[in-house]
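Colleague: So the chains spell out like this:
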Amino acid sequence: MNSKLSILTKGLFKENPTLVLILGMCPSLGVTTSAINGIGMGLATTFVLVMSNVLISFLKNVIPNKVRIPSFIVIIATFVSIIDLLIQGYLPALAESLGLFIPLIVVNCIVLGRAEAFASKNNIFDSLLDGLGMGLGFTFALFLIGFCRELLGSGAILNTKFIEGDGILIFVLAPGAFIVMGFIIAIVNYIQQKK
Amino acid sequence: MNEKLLQVSGSPHIHSGESVKKIMWSVVLALLPAFLVSIFYFGLPVIILTFVSIASCIVFEYLIQKYMLKGETTIWDGSAVITGMLLAFNLPANLPLWMVVVGALIAIGVGKMAFGGLGKNLFNPALVARVFLLISFPVQMTSWPIPKPIFKLGADVVSGPTPLGILKEGVKSGQSVESIMHNSDMPGYVDMLLGQMGGSFGEISAIALLIGAIFLLIRKVITWHIPVSFLLTVFLFSGIFYLVDPSYYANPFFHLLTGGVMLGALFMATDMVTSPTSASGMLIFGLGCGVITIIIRLFGAYPEGVSFAILIMNALVPLINKGFKPRIFGKIKQ
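Protein chains in written order, with this note's numbering: chain A, 24 to 218; chain B, 82 to 415.
Read the hints as simulated data drawn from the structure, not as lab findings.
Heads up, a few of these hints could be off.
Partial list, derived from the structure: chain B residues whose beta carbon lies under 10 Å from chain A [what the hints assert, rightly or not]:
| no. | residue |
| --- | --- |
| 1 | Phe121 |
| 2 | Val191 |
| 3 | Ser217 |
The beta carbon of each residue, even a glycine, is placed where N, CA and C say it ideally should be.
Same shape as in the complex, but just chain A (with noise of 0.2 Å):
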């Protein structure tokens, strides 16, 4: 029970994909302008990691060896079409600020990462562990990230404005999400060299 218990625990500190494996960059660094859009983001990959690790679990051995990425990237972009209506039905504000990042996750590398490393070789119920860990690792991530730009950017927490005006309008800026990312990263980093 404990192996199973670190399958789901390493997404989210050891192995976190975003500040420790540098995946999936591009969300990281464009959608996180809030912290409700890192949520958001990172709730949306999650479903996809989960149900895409669990369906090539279930199909890895009817997947011939040859075409596994194609099959792969269909199989995760039918669950990204999924969540993109979804989201577009029940959640227009969200989908308006996320735009073109939501298709965007078939092309996400944690998500053909775990499934061309992970749920390609393990069972269906690791894999769906896994795909769970790394998803809230991821949206931890994006949280944190998001928490910080939305804070230094427009003085505001959970889209709450506490102060007047504009904050510290870089960081809501693409050159902010490179600074807040490299910040973390190195705490992390610090945190891990310590223990």
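Here the structure of chain A is known, so what remains is to put chain B in place on it, guided by the hints.
Modeller: Quick look at chain B alone, frame taken from chain A:
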């Protein structure tokens, strides 16, 4: 003392007597004329702002060095003082002081210490902070006080545009350069040379900056390569456009004397840490800075591009160093 004299070490054995400390303090000395001119035109705020900037740079350097990097205290080598001074020189004189402190934190924390301290930084720390502030607080960073000699009484802080700002706005609204030049806000060339124009307070007086730079050249702190190639490129490149269409592009003297070109070319681009090591590399570096500056000025969204130009070329320095290695002493060209 005798023991020290007898120590045998690898070459070189002759020491010029230079040290980081000496170099840094001569740069501070070289910046003084420009500092005095800006006090003359903008008065007390200049002194306060410069003091706050230098003090917060030193404090941040001390704190980061002591508690995060856990190294020796480096505040006495003067590099933080220069960063603080150059940062202040790049700001409008009426900027809120807390923004200056944020700028100092970015300059020292992100621009310098995050890379490992003096000698390891990729970008000029003061410019990193300036660009950071410019993007973060566009309103405050572009409202320039009107220069007014200290003995003339009158309204305290009136903000006005910089010559480059006037030019950009004018060209955008379709006026010809000649009519923009006759705009009442536009300073004459003598004023530009002496420093009576709007702008960041350290960049206004070309003469004072040149005096400082000549001092540095005589002290051999900087070499002529970067300033000359930077300024010459600005002059020639804007000159080409001027010759093509004088009613749309301003003449090259205007580009040379306004904005941060002088300060940038003489003091920012020549920063030893962030510029190439070989003479030919320095020439290329200056050329790139000049070309990018003029391209941003003529075609970009910002009226001024010196700080962006220098930062972009800073990023290319490792590449330039690789391509233009200094000739190894005694080696014959094959």
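Colleague: Decide, hint by hint, whether the structure agrees.
Modeller: Status of each hint after checking the structure:
no.	hint	verdict
1	Phe121	violated, 33 Å
2	Val191	holds, 6 Å
3	Ser217	holds, 4 Å
Checked against the numbered hints given earlier, this structure breaks only hint 1.
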